[in-house]
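Enquirer: Here the protein sequences line up with chains A and L, keeping their order. Mapping of the first sequence onto my numbering: position 100 corresponds to residue 100, and the numbering continues sequentially without gaps. Mapping of the second sequence onto my numbering: position 17 corresponds to residue 17, and the numbering continues sequentially without gaps.
It is worth saying that the hints were derived from the structure and are not from the lab. Just so we're clear, the structure is a prediction, and the values are computed from it rather than from any experiment. Positions of the beta carbon are idealized from the N, C-alpha and C atoms, including for glycine. No incorrect hints appear here.
Cross-link-like lysine-lysine pairs, in silico, DSS-like; alpha carbons within 30 Å at most:
(1) L:57 - L:97
(2) L:97 - A:42
(3) L:97 - A:66
(4) L:76 - L:105
(5) A:42 - L:68
(6) L:109 - A:41
(7) A:41 - A:64
(8) A:41 - L:81
(9) L:105 - A:41
One side of the interface only, derived from the structure: several residues of chain A facing chain L at Cβ under 10 Å:
(10) 4
(11) 6
(12) 34
(13) 45
(14) 107
(15) 110
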Amino acid sequence: GAVVSQHPSRVICKSGTSVKIECRSLDFQATTMFWYRQFPKKSLMLMATSNEGSKATYEQGVEKDKFLINHASLTLSTLTVTSAHPEDSSFYICSADGLAGNNEQFFGPGTRLTVL
Amino acid sequence: GQNIDQPTEMTATEGAIVQINCTYQTSGFNGLFWYQQHAGEAPTFLSYNVLDGLEEKGRFSSFLSRSKGYSYLLLKELQMKDSASYLCAVPPYNFNKFYFGSGTKLNVKP
Numbered sequence: 001g002a003v004v005s006q007h008p009s010r011v012i013c014k015s016g017t018s019v020k021i022e023c024r025s026l027d028f029q030a031t032t033m034f035w036y037r038q039f040p041k042k043s044l045m046l047m048a049t050s051n052e053g054s055k056a057t058y059e060q061g062v063e064k065d066k067f068l069i070n071h072a073s074l075t076l077s078t079l080t081v082t083s084a085h086p087e088d089s090s091f092y093i094c095s096a097d098g099l100a101g102n103n104e105q106f107f108g109p110g111t112r113l114t115v116l
Numbered sequence: 001g002q003n004i005d006q007p008t009e010m011t012a013t014e015g016a017i018v019q020i021n022c023t024y025q026t027s028g029f030n031g032l033f034w035y036q037q038h039a040g041e042a043p044t045f046l047s048y049n050v051l052d053g054l055e056e057k058g059r060f061s062s063f064l065s066r067s068k069g070y071s072y073l074l075l076k077e078l079q080m081k082d083s084a085s086y087l088c089a090v091p092p093y094n095f096n097k098f099y100f101g102s103g104t105k106l107n108v109k110p
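Chain A with its partners taken away, still in its complex shape (with noise of 0.2 Å):
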């Protein structure tokens, strides 16, 4: 089947620093793929789509230059927090449209990352 990587799977960082996040799909190649936001409790928002060799589509309220977004091949897209801050700390998860047929979302394991 599909399979969806995210690395790392957990970051700690000083507030002010940047973080990348990598979203990878392993055995199947994603033109599109989307990352998702979610804090404790809540469900999974939406903050932008990612598209290989364009740019991102971001959703309304998220910063595109806060959450930099680069799809550089069918296999790898990556977000980067920029200057982190105490709030942005969540949970990051990341999908790939699955293969040809129902359009099935595949999901990576999510990154917990956590501004100190």
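Once you have looked at the hints, place chain L on chain A.
Expert: Here is chain L on its own, set in the frame of chain A:
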């Protein structure tokens, strides 16, 4: 835009049956997905309905009524491991977005 509603939390007993509802109002419809998410983990796919009716898959079934903007997930013979959040998602026509409902936290008691 997308408006997807689910009950926040439900409690049921091991071995029982529970129905989790999802109502939606969306700009375009391209099927409805149900996902299961255990705390601290990524969501996992449960079902996808694009036509009206009931789709059965083992202990889990999913129903869709497009005219009513309504779906439900039916869990039979509940097990303790079914304690999780259940999310419904409705992608629009162009499928360049994937929005989730607020999720229903299911607590299964012995």
